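Visitor: All the letters of the sequence shown, read from the start, carry residue numbers 269 to 427 under the numbering used here.
Source of the hints: derived by calculation from the structure; they are not laboratory data. All figures in this text were calculated on a predicted structure; none of them were measured in a lab. Be aware that a few hints might be false.
Stated by the list, open to error - Heads up, simulated SDA-like pairs for lysine to any residue below, C-alpha to C-alpha not over 20 angstroms straight-line:
{"hint": "1", "residue 1": "353", "residue 2": "290"}
{"hint": "2", "residue 1": "308", "residue 2": "353"}
{"hint": "3", "residue 1": "308", "residue 2": "342"}
{"hint": "4", "residue 1": "312", "residue 2": "331"}
{"hint": "5", "residue 1": "308", "residue 2": "276"}
{"hint": "6", "residue 1": "315", "residue 2": "337"}
{"hint": "7", "residue 1": "315", "residue 2": "304"}
{"hint": "8", "residue 1": "312", "residue 2": "276"}
{"hint": "9", "residue 1": "312", "residue 2": "322"}
{"hint": "10", "residue 1": "315", "residue 2": "362"}
{"hint": "11", "residue 1": "312", "residue 2": "366"}
{"hint": "12", "residue 1": "353", "residue 2": "307"}
{"hint": "13", "residue 1": "312", "residue 2": "372"}
{"hint": "14", "residue 1": "279", "residue 2": "366"}
{"hint": "15", "residue 1": "353", "residue 2": "343"}
{"hint": "16", "residue 1": "279", "residue 2": "386"}
{"hint": "17", "residue 1": "312", "residue 2": "349"}
{"hint": "18", "residue 1": "281", "residue 2": "304"}
{"hint": "19", "residue 1": "312", "residue 2": "300"}
{"hint": "20", "residue 1": "353", "residue 2": "295"}
{"hint": "21", "residue 1": "308", "residue 2": "277"}
{"hint": "22", "residue 1": "308", "residue 2": "297"}
{"hint": "23", "residue 1": "353", "residue 2": "342"}
{"hint": "24", "residue 1": "274", "residue 2": "317"}
{"hint": "25", "residue 1": "308", "residue 2": "349"}
{"hint": "26", "residue 1": "274", "residue 2": "316"}
{"hint": "27", "residue 1": "281", "residue 2": "308"}
{"hint": "28", "residue 1": "308", "residue 2": "331"}
{"hint": "29", "residue 1": "315", "residue 2": "276"}
{"hint": "30", "residue 1": "308", "residue 2": "368"}
{"hint": "31", "residue 1": "308", "residue 2": "284"}
{"hint": "32", "residue 1": "308", "residue 2": "346"}
{"hint": "33", "residue 1": "353", "residue 2": "284"}
{"hint": "34", "residue 1": "312", "residue 2": "327"}
{"hint": "35", "residue 1": "281", "residue 2": "291"}
{"hint": "36", "residue 1": "312", "residue 2": "339"}
{"hint": "37", "residue 1": "279", "residue 2": "368"}
{"hint": "38", "residue 1": "312", "residue 2": "329"}
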Amino acid sequence: MSDNRKYYYLKLKENYFDDDSIVLLESMQDGVLYSNILLKLYLKSLKNGGRLQLDEDIPYTAQMIATITRQQIGTVERALQIFLKLGLVEVLDSGTFYMSNIELLIGQSSTEAERKRAARLQNRAICAPRTDGGHLSDIRPPKIEIELPDWMPLKGKTA
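Make a model of the complete structure from these sequences and hints.
Guide: Okay, structure coming up:
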């Protein structure tokens, strides 16, 4: 039986750590800790579209975030205040923390999609490319003339 779960992943561009807000964040005292907390919060918010929630009705509190990120409550509270100032996190009307730029970082797939992607990559590795570019229809098969014996009538023609 196939495992057809959905997987969410975080897509970081190669210049993610060069972004001004991340550079400022990491230049602070305990900034590397804050950066680590931020990445963990992005990952925790993936399946909820950027909202930090335990489930539909329970938003994460600073204490809960401290527990799931394995950091001290004071460090998490300072990090959240800095994230708010830098615009990395917003507080929604319901009190839920929302990761501001999450739409740019979210990707998702299913196990079936992963299986197909792996099969395509394997096929590309096994099969040599058939053309140097363009469409396969650009390559015309060579014309071959075959002599038919006299006793074999041509299709559609009568003798």
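Visitor: Now tell me if each hint is right for this structure.
Guide: Here's how the hints hold up against the structure:
Our distance criterion of 20 angstroms between C-alpha atoms is met by residue 353 and residue 290, whose separation comes to about 12 angstroms. Simply put, residue 308 and residue 353 have alpha-carbon atoms about 19 angstroms apart, close enough for the 20 angstroms limit, and the pair holds. Distance check on the hinted pair: residue 308 and residue 342 sit about 17 angstroms apart at the alpha-carbon level, within 20 angstroms; holds. About 15 angstroms separates the Cα atoms of residue 312 and residue 331, which keeps this hinted pair within 20 angstroms; it holds.
Taking the CA atoms of residue 308 and residue 276, the gap is near 14 angstroms; set against the 20 angstroms cutoff, the hint holds. At roughly 17 angstroms between alpha-carbon atoms, residue 315 and residue 337 fall within 20 angstroms of each other, so this suggested pair holds. The straight-line distance between the Cα atoms of residue 315 and residue 304 is roughly 19 angstroms, inside the 20 angstroms bound, and the hint therefore holds. Our distance criterion of 20 angstroms between C-alpha atoms is met by residue 312 and residue 276, whose separation comes to about 10 angstroms.
Between residue 312 and residue 322 the alpha-carbon distance is near 9 angstroms, which keeps this suggested pair within the 20 angstroms criterion. Between residue 315 and residue 362 the alpha-carbon distance is near 18 angstroms, which keeps this suggested pair within the 20 angstroms criterion. For the hint pairing residue 312 with residue 366, the CA-to-CA distance comes to about 11 angstroms; that is within 20 angstroms, so the pair holds. A C-alpha spacing of about 17 angstroms is found between residue 353 and residue 307, which places the hinted pair at or below 20 angstroms, so the restraint holds.
A hinted pair counts as satisfied when its Cα atoms are at most 20 angstroms apart, and residue 312 with residue 372 qualifies at roughly 15 angstroms. A distance of roughly 18 angstroms separates the Cα atoms of residue 279 and residue 366; the hinted pair therefore holds under the 20 angstroms criterion. A hinted pair counts as satisfied when its Cα atoms are at most 20 angstroms apart, and residue 353 with residue 343 qualifies at roughly 15 angstroms. The hinted pair formed by residue 279 and residue 386 meets the criterion: a straight-line CA distance of about 19 angstroms does not exceed 20 angstroms.
For the hint pairing residue 312 with residue 349, the CA-to-CA distance comes to about 18 angstroms; that is within 20 angstroms, so the pair holds. A threshold of 20 angstroms between alpha carbons decides the hint, and for residue 281 with residue 304 the separation of about 16 angstroms falls inside it, so the pair holds. For the given pair, residue 312 sits about 18 angstroms from residue 300 by alpha-carbon distance, which is consistent with the 20 angstroms threshold. Restraint check for residue 353 and residue 295: the C-alpha separation of about 15 angstroms stays at or below 20 angstroms, so the hint holds.
Pair hint residue 308 plus residue 277 holds up; C-alpha atoms about 12 angstroms apart against a cutoff of 20 angstroms. Between residue 308 and residue 297 the alpha-carbon distance is near 19 angstroms, which keeps this suggested pair within the 20 angstroms criterion. In summary, the hint linking residue 353 to residue 342 is supported, as the alpha carbons are separated by about 17 angstroms, within the 20 angstroms threshold. Distance hint between residue 274 and residue 317 is fulfilled; the C-alpha atoms sit about 14 angstroms from each other, no more than 20 angstroms.
Among the hinted pairs, residue 308 with residue 349 is consistent with the structure: their alpha-carbon atoms are about 16 angstroms apart, no more than 20 angstroms. For the hint pairing residue 274 with residue 316, the CA-to-CA distance comes to about 13 angstroms; that is within 20 angstroms, so the pair holds. Proposed proximity of residue 281 and residue 308 is supported: the alpha carbons are some 17 angstroms apart, at most 20 angstroms. Restraint check: the Cα-Cα separation between residue 308 and residue 331 comes to about 15 angstroms, which is no more than 20 angstroms; the hinted pair holds.
Taking the CA atoms of residue 315 and residue 276, the gap is near 7 angstroms; set against the 20 angstroms cutoff, the hint holds. With a C-alpha separation of about 14 angstroms, the suggested pair residue 308 and residue 368 falls inside the 20 angstroms cut-off, and the hint holds. Among the hinted pairs, residue 308 with residue 284 is consistent with the structure: their alpha-carbon atoms are about 15 angstroms apart, no more than 20 angstroms. Restraint check for residue 308 and residue 346: satisfied, since their Cα atoms lie roughly 16 angstroms apart, inside the 20 angstroms limit.
At roughly 19 angstroms between alpha-carbon atoms, residue 353 and residue 284 fall within 20 angstroms of each other, so this suggested pair holds. In summary, the hint linking residue 312 to residue 327 is supported, as the alpha carbons are separated by about 12 angstroms, within the 20 angstroms threshold. Proximity of residue 281 to residue 291 is assessed by CA-CA distance (about 15 angstroms); at most 20 angstroms being required, the pair is judged to hold. Of the supplied pair hints, the one linking residue 312 and residue 339 holds, its CA atoms being roughly 15 angstroms apart against a limit of 20 angstroms.
The suggested pairing of residue 279 with residue 368 holds, with an alpha-carbon distance near 15 angstroms, which does not exceed 20 angstroms. Distance restraint check for residue 312 and residue 329: the Cα-Cα separation of roughly 13 angstroms lies within the 20 angstroms cut-off, and the hinted pair is therefore satisfied.
The structure is consistent with each of the numbered hints, conforming to all of them.
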